[in-house]
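Number of protein chains: 2
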Amino acid sequence: MKTVIDKLTALREAMRREGVVAYIVPGTDPHASEYMAPHWAEMTWISGFLGESGTAVITLDKALLWTDSRYYLQAEAELQGSTFVLMRESDVDCPSIPKWLCDNLSEGRVGVNAEMYSVNSYDKLRKELEDGGLLLHSADLIAPLWTEGRPAIPDSILYEYEEKYAGESVAAKLVRVREAMAERRADALIIAELDEIGWLLNIRGKDVDYTPCLISYVVVEKERCTIFVAPEKLDDKARAYLSRIGVETRDYTAIYDYLRCIHATCVMFDGARVNQALYEAVNPAVKRKVNATPSPVQVMMSVKNEVEIAGERRAMLTDAVALTRFFIWLEKEALKTSQTEITLADKLQDFRRQGKNYTDDSFCTIAGWKGNGAIVHYHATPEACAKIEGEGVLLLDSGGQYLDGTTDITRTVWIGDAAAIPAAVKEDFTLVLKGHIALAQARFPRGTRGNQLDVLAHQYMWAKGITYGHGTGHGVGHFMGCHEGPANIRTDNNTNPIKLGNIFSDEPGIYRTGEYGIRTENLVVTKKVDAPQSRTTGEDYYEFETLTLCFYDTRLIAREMLTDDERAWLNAYHARVYKEVSPLLSADEAAWLKQKCAAL
Amino acid sequence: MKTVIDKLTALREAMRREGVVAYIVPGTDPHASEYMAPHWAEMTWISGFLGESGTAVITLDKALLWTDSRYYLQAEAELQGSTFVLMRESDVDCPSIPKWLCDNLSEGRVGVNAEMYSVNSYDKLRKELEDGGLLLHSADLIAPLWTEGRPAIPDSILYEYEEKYAGESVAAKLVRVREAMAERRADALIIAELDEIGWLLNIRGKDVDYTPCLISYVVVEKERCTIFVAPEKLDDKARAYLSRIGVETRDYTAIYDYLRCIHATCVMFDGARVNQALYEAVNPAVKRKVNATPSPVQVMMSVKNEVEIAGERRAMLTDAVALTRFFIWLEKEALKTSQTEITLADKLQDFRRQGKNYTDDSFCTIAGWKGNGAIVHYHATPEACAKIEGEGVLLLDSGGQYLDGTTDITRTVWIGDAAAIPAAVKEDFTLVLKGHIALAQARFPRGTRGNQLDVLAHQYMWAKGITYGHGTGHGVGHFMGCHEGPANIRTDNNTNPIKLGNIFSDEPGIYRTGEYGIRTENLVVTKKVDAPQSRTTGEDYYEFETLTLCFYDTRLIAREMLTDDERAWLNAYHARVYKEVSPLLSADEAAWLKQKCAAL
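Taken in sequence, the protein lines are chains A and B.
Quick note: the first sequence uses my numbering, first residue 1, plus one each step.
Quick note: the second sequence uses my numbering, first residue 1, plus one each step.
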């Protein structure tokens with residue numbers, strides 16, 4: 001079964017046997033992961049489409065693939081000859097999948113692999129289909145077909161993430177989690193999301209790129225905590241560690257049987273992160289099921305403790321040294337030789353690798369030269385990547401995973417003679433910077449949500465009719481996912497308040513198609529305002545402290561657009577960057593940085 | 001049955017007969033009204049508590065009344081000797097009603113009058129009670145007891161609200177509503193909220209103070225529209241009008257039987273505004289019920305058409321003349337005589353009454369002298385109202401109902417010698433003004449929600465650790481409710497985007513307990529940004545245009561706290577106020593206003 005046509009024929013046979021009129025294959029995994037192991041790439045297997053985001057829908061006589069505008073060109077190319085029709089989901093007139101199904105099928109069952117759907121997304125799909133007279137049906141029809149050449153589930157070894165980095169013992173975390181369960185009168189909690197598992201058990205692995213997670217499930221009960229993990233992922237050290245923290249081990253796939261027989265009166269789960277197959281497996285004798293979105297673990301994990309914040313500060317210093325050396329190289333050496341977006345990214349990784357406790361990048365570096373910088377999720381490929389030639393704007397979004405913490409930074413720099421910087425570029429850069437500073441300076445009462453603060457970053461560009469198509473700030477994990485919830489800073493609705501210890505990115509941008517992209521990104525941590533300046537109402541007020549320590553390219557600033565207050569912030573930041581980073585540099589490097597950090 | 005004790009005894013007998021262990025009496029009516037007719041004051045009848053907000057809970061051996069901190073003192077006094085225990089719901093340790101019931105009753109049924117609960121609040125209560133092992137049960141136990149002295153349902157006469165004011169025919173509105181129903185595949189729509197009914201049928205009444213609404217229900221079907229209204233509310237003119245617009249009439253209480261027999265496959269309703277009794281009445285043969293919160297009618301009503309906006313501008317001019325004359329009187333005449341908060345409010349109403357098309361105030365004027373201004377929902381009573389003596393801050397929040405539109409304005413003024421204004425008062429006034437101006441100047445893309453913009457009004461005071469305990473902006477009806485949804489500008493979560501034609505208040509404030517209250521409020525209308533100033537992304541951008549036309553007391557401004565941009569906004573506003581209002585004033589009045597509008 002080599003071609004998509006063959007696969008579709010086989011799938012349709014299976015669909016007829018199962019009695020389903022359509023089958024949906026989403027690009028997801030059983031753990032609601034951001035970075036998916038190839039084992040679960042069912043959408044790619046059935047369609048041939050290699051993009052990171054897409055959903056295939058197969059009926060008895062049609063095959064369709066939904067994806068967003070980032071992937072239109074790629075999908076058109078990759079779907080050629082497959083009979084798959086591309087559904088351009090970013091277009092306003094593109095029907096949603098349930099709408100299309102309801103409009104095109106009069107009745108019958110629609111099949112999905114319940115492992116690939118969160119309880120919440122399954123439920124939403126079910127309701128939408130039922131509204132149109134269709135029924136949703138759980139059945140894994142791909143696994144029996146995809147037998148040859150299916151990549152195995154990754155087999156990296158579980159290792160302990162030491163308490164000196166994590167800042168809290170597993171025992172203490174379990175006490176807090178069980179308290180949260182008791183509050184909801186739950187005596188069992190299912191955890192499927194890998195970052196949560198890593199946080200709760202102070203474990204890490206190397207199962208996927210960029211995030212040091214380990215494929216497993218966890219069930220916490222009143223007196224017991226069990227990890228479901230393939231035995232080959234446990235060496236003696238791992239077994240000894242799990243035994244030391246009192247966590248029982250069972251095989252990865254044993255969770256279904258475990259849930260089928262679980263003795264509990266109330267099972268709690270995060271419906272956005274626990275898959276429908278786990279939910280369906282739960283013993284029907286369990287009286288209550290509490291869908292807690294976000295899960296208490298996710299909320300706790302997002303609140304960094306003092307040890308984690310101290311570690312993050314160390315990681316930021318290490319990262320700043322790598323970035324400074326990279327930018328020195330970029331200015332002094334790089335352009336003497338032939339460079340591309342990819343060689344720049346590789347070089348930056350080389351500098352990061354020299355840092356203490358570096359393990360990996362925290363995501364695939366985005367180096368966008370000129371017009372490529374305007375493509376928000378741009379990733380250069382060896383086949384198609386720009387040469388850095390002449391003068392222009394370079395956008396560089398990158399980050400590192402250090403045992404001390406996770407970094408994520410974007411700097412936009414001008415390559416070439418500053419005199420050649422167009423006024424429009426300076427205006428855009430400064431609009432972005434003003435928003436970036438306004439958010440960094442925000443003060444707000446406890447209970448404030450990120451979507452309330454987002455306008456601070458958008459306000460100046462909105463006044464000019466400009467916006468950007470991504471969030472302003474995402475949560476950042478601690479030596480874990482570079483993107484985490486539940487709070488964030490976006491225009492989107494999100495009911496989760498910002499909590500003390502939350503770390504966010506602050507990254508507004510402006511993108512000029514075909515011309516350039518500008519984004520400026522720091523990480524900030526949420527802390528209490530120490531000394532309110534006025535007669536207060538007695539509430540708690542929070543503010544952000546910027547963690548990232550890297551200069552901005554001040555040549556790109558239209559100075560007259562900054563207020564005195566903004567300039568004061570900028571100068572204080574640059575003074576701090578120089579003060580903290582320069583002791584870690586050579587004298588020459590420090591002198592170079594001093595220039596970059598000169599007051600404006 | 002005269003005393004609360006007698007009433008409780010009788011109610012408990014009824015509870016035993018009905019088999020309920022607790023009975024909840026909320027302070028609501030069947031129409032989700034802001035201003036309730038006395039007929040529905042069941043909470044007050046059973047408890048003796050006259051406050052505007054409260055819920056009584058009666059068990060077989062206890063009686064409790066939940067109310068918020070505004071009413072603690074009043075409730076303590078009014079509940080004396082009643083056996084009712086006051087539950088202070090603004091206190092952090094006060095349990096919610098369902099929590100208290102679940103903690104204090106082990107099992108059984110809890111009764112409520114389903115007419116007094118929206119479908120959504122009933123459902124929420126049911127789930128919370130079930131979580132604690134209790135069942136919710138619908139039963140009206142008060143009506144059979146409250147026979148003597150129960151006020152009748154108001155009997156004002158229905159009248160046509162002419163299209164020259166409403167700007168759209170009923171036929172056109174019904175077409176749009178039926179389109180919205182078809183989108184959700186509904187063939188019947190229940191409307192219970194009185195503002196929605198008034199808007200849809202271009203009718204008004206005088207059933208309650210401040211809002212020109214008429215007590216009734218409406219059911220819209222594909223080919224038919226029926227109003228359920230007491231026959232005594234229809235004179236010949238009203239009947240002729242309803243007949244002309246093709247609306248059938250049935251008695252107010254006939255809606256229950258009508259819904260019991262309705263021929264429809266799908267009934268749509270706004271679960272936040274349609275009561276549970278109506279919902280329960282719907283014919284069980286109806287296949288689908290669509291809970292559309294907010295209802296399409298509410299959304300349409302909030303989008304003011306050009307005729308309504310033009311009317312609102314006229315109302316604002318009329319209102320501005322009344323306000324200007326009042327402030328002239330206040331400065332030149334009032335303090336020669338003895339004045340109180342109440343006499344000031346009365347005098348302001350006198351000035352408004354002289355305005356064309358004035359029918360009523362749009363709410364009970366709040367005149368708060370010194371410390372009383374710090375009580376957000378303060379209302380002076382003849383027994384307890386402050387004399388205006390000496391120097392100090394006066395907060396004045398008022399509005400008018402004009403056939404042309406509804407107004408709502410707050411001005412804070414200094415009474416006495418400006419040299420005596422404390423620096424702290426000026427700082428607070430200016431912090432409020434800066435937020436007020438920032439919101440008035442906001443520009444934002446289509447789809448933005450009010451909770452995204454709220455921070456613009458809060459930002460400067462939050463930076464000082466100050467906030468206020470009310471929303472920043474509410475929607476305003478058109479010759480209808482002074483507070484309307486679904487969009488608003490608050491910190492609270494609200495998924496409804498701001499739409500073109502939405503009118504909001506812009507009213508930040510600072511309150512210093514025992515000292516003074518400062519609030520500055522204008523109404524603004526949402527319109528498209530005409531000429532974006534930059535290369536745009538092609539999205540639609542919206543901005544606010546201020547509608548209110550009344551000077552601010554610039555003596556209260558700390559000029560050095562304003563940016564050039566804020567001063568420019570203020571001066572332009574004052575120039576516009578003078579230009580638009582002065583032609584309607586006498587020469588002397590205009591000269592006085594010119595001074596008040598002098599550039600800063």
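In short, the hints are calculated from the structure, not lab data.
Each residue gets a CB set at the ideal place from its N, CA and C atoms; glycine is no exception.
Some clues are possibly wrong.
[Claimed, not checked] A few chain B residues that don't get close to chain A, going by computed Cβ distances all over 12 Å:
(1) Glu160
(2) Asp454
(3) Glu539
(4) Asn571
[To be verified] Quick list of the computed label-pair ranges, beta carbon to beta carbon:
(5) Asp251/B x Asn493/A: 16 to 26 Å
(6) Asn291/A x Glu76/B: 52 to 62 Å
(7) Asp540/B x Ala182/A: 42 to 52 Å
(8) Glu545/B x Asn493/A: 38 to 48 Å
(9) Ser96/A x Glu545/B: 28 to 38 Å
(10) Ser138/A x Asp155/B: 50 to 60 Å
(11) Ala310/B x Val92/A: 30 to 40 Å
(12) Glu545/B x Ala591/A: 47 to 57 Å
(13) Ser90/B x Tyr252/A: 42 to 52 Å
Verification of the supplied hints:
1. Glu160: 39 Å, holds
2. Asp454: Label violated. Min Cβ-Cβ 6 Å, cutoff 12 Å.
3. Glu539: 7 Å, violated
4. Asn571: 19 Å, holds
5. Asp251/B x Asn493/A: 16 to 26 Å: 42 Å, violated
6. Asn291/A x Glu76/B: 52 to 62 Å: Given about 41 Å between the Cβ atoms, the range is violated.
7. Asp540/B x Ala182/A: 42 to 52 Å: 49 Å, holds
8. Glu545/B x Asn493/A: 38 to 48 Å: 27 Å, violated
9. Ser96/A x Glu545/B: 28 to 38 Å: 36 Å, holds
10. Ser138/A x Asp155/B: 50 to 60 Å: 59 Å, holds
11. Ala310/B x Val92/A: 30 to 40 Å: At roughly 32 Å between Cβ atoms, Val92/A and Ala310/B fall inside 30 to 40 Å, so the hint holds.
12. Glu545/B x Ala591/A: 47 to 57 Å: Holds - the Cβ-Cβ distance for Glu545/B and Ala591/A, about 54 Å, lies within 47 to 57 Å.
13. Ser90/B x Tyr252/A: 42 to 52 Å: 50 Å, holds
In summary, the numbered hints that this structure violates are 2, 3, 5, 6, 8.
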